[in-house]
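Student: Chain by chain, the residues:
Protein chains: 2
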Amino acid sequence: MKIGVFDSGVGGLTVLKALRDKYKHVDFVYLGDTARVPYGNKSAQTVIRYSLECAEFLMGEGIDLLVVACNSASSYALDSLRESLPIPVFGVIDPGVKKALEITKGKVGVIGTRATISSGVYKRRLEEYGVEVYQKASPLFVPLVEEGMVEGKIAQEIVEYYLKDLKEARVDTLILGCTHYPLLRPLIERYMGDNVKVIDSATVLALEIEPFVKEKGLSYLELNFTDISPNLEFLIELILGEVDKPRLVSLPCKV
Amino acid sequence: MKIGVFDSGVGGLTVLKALRDKYKHVDFVYLGDTARVPYGNKSAQTVIRYSLECAEFLMGEGIDLLVVACNSASSYALDSLRESLPIPVFGVIDPGVKKALEITKGKVGVIGTRATISSGVYKRRLEEYGVEVYQKASPLFVPLVEEGMVEGKIAQEIVEYYLKDLKEARVDTLILGCTHYPLLRPLIERYMGDNVKVIDSATVLALEIEPFVKEKGLSYLELNFTDISPNLEFLIELILGEVDKPRLVSLPCKV
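Chains A and B, in that order, are what the protein sequence lines are. Okay, so the first sequence: first residue is 3 according to the working numbering, each after it adds one. Okay, so the second sequence: first residue is 3 according to the working numbering, each after it adds one.
The hints are simulated quantities; they were obtained by calculation from the structure and are not laboratory data. Treat the hints loosely; a few may be bogus.
Pairs count within a copy or across copies, as identical chains cannot be separated in the list.
Quick list of in silico lysine-lysine cross-link-like pairs, DSS-like style, CA-CA up to 25 Å [said to hold, decoys possible]:
1) 19 / 166
2) 218 / 109
3) 100 / 155
4) 155 / 218
5) 109 / 4
6) 166 / 155
7) 155 / 138
8) 125 / 26
9) 169 / 155
10) 155 / 199
Since the structure is predicted, the reported quantities are computational estimates derived from the model, not experimental observations.
The following block holds chain A by itself, in its conformation from the complex (with noise of 0.2 Å):
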């Protein structure tokens, strides 16, 4: 079985990681849109149409299930991939949102892109469940992390600055709306205190696909990138714990 996933650059190899974990006897192909990341501060329309792209992309590599592994993308272009793709699509919100669920008490935050935040996804799906719900945009983490500048002082006061309202909120459960934030979650658990649980979708999304994943043979991976600049490597070994060599490729597309 292959398994697709993509992401508007190397957030989603933090998603890639949680599967490739958990089912050791997969082929994983893997595309990030490096291209044009990030997504998180473009348009609706935009974010679907390269999403459809990126899709088309790893369909040719005959991939049997597709996983969303970008907010942004999961927020707005589900339903498009839905609709014109002819095997199962997971996205990275429901899990979030499930497992927020499970854990809240009642007050839950939402940090994410600004396209994610916009979409408002998070804050209605929680909401249908009586949770109050705060959100807040935090588009520095992306060239942060992009930066590999996940721990020091910046990091820390924009840390602060992002989650500020949401710690004086006094929410109790905290998502992580970015593949991206997991690489600062010791800086956020530290600015939110012990009593905020922190989440990010990748552990119960990969249990989520479980009825879908058929596992036999040994595990193949191919990382591709619609662009390699210098510091690409070192962020997939940074996340993947592993070097991998990425292979360039160009996706039919328009801008």
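Given chain A, put chain B in place with the hints provided.
Tutor: Showing chain B alone in chain A's frame:
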């Protein structure tokens, strides 16, 4: 006469503004490739491809002269553009170098995106004239400006973080090697102190193209963008000081 100006996003509007201030009777067509912004953390190969696509779009609009307002694109794509276009092409590197050579006492600092600094183009040109050059990639400045965070504690600390070495090296002149950076100029000047002359390319560039400019009639301005995100109009007004409706366009492209 019609002048085409392109940039990876909104930063090039600082160059457009300087050109419009000087040439009041010329038509301008601007293209911001906001669907793929930023260019500065992408590879040379991708930056060249994108630049050729932007130029192709502007040629289709009937321009007589092309200004590459993006430093990353000027660093890597100027030769390719000049080879493939039948009109004069100007970048933002040479004007910055020229101005720096005029005023420096011997030590020049250069800040820019990762792409611009890695290209080494400022360093090589300045060193040809026996100038000592200290350069520093400052990749967080672009997202700061795009978030409108051009003052306050976080912006100040990021300015200090990137400029510390240049200040300690006692540069007497500092080139803002990215069209986004003029928006951080007040903070940068305050940190570097009165003894350091801060220069950006826009004004010098406007002088440099003078022999090629034929003014007549009224000035027409067309603002094209490949993605229109919610805060685009705010940024246009912040930089141009006037409200102009952006037009959403598609480029013939490949990613």
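Student: For every hint, state whether the structure bears it out.
Tutor: Hint-by-hint comparison with the structure:
no., hint, in the structure
1, 19 / 166, "neither (30 Å within a copy, 37 Å between copies)"
2, 218 / 109, "neither (42 Å within a copy, 63 Å between copies)"
3, 100 / 155, "neither (33 Å within a copy, 37 Å between copies)"
4, 155 / 218, "neither (46 Å within a copy, 54 Å between copies)"
5, 109 / 4, "neither (38 Å within a copy, 56 Å between copies)"
6, 166 / 155, "both (16 Å within a copy, 15 Å between copies)"
7, 155 / 138, "both (21 Å within a copy, 19 Å between copies)"
8, 125 / 26, "neither (34 Å within a copy, 49 Å between copies)"
9, 169 / 155, "both (19 Å within a copy, 20 Å between copies)"
10, 155 / 199, "within (23 Å within a copy, 29 Å between copies)"
Hint check: violations occur at hints 1, 2, 3, 4, 5 and 8; the rest are consistent with the structure.
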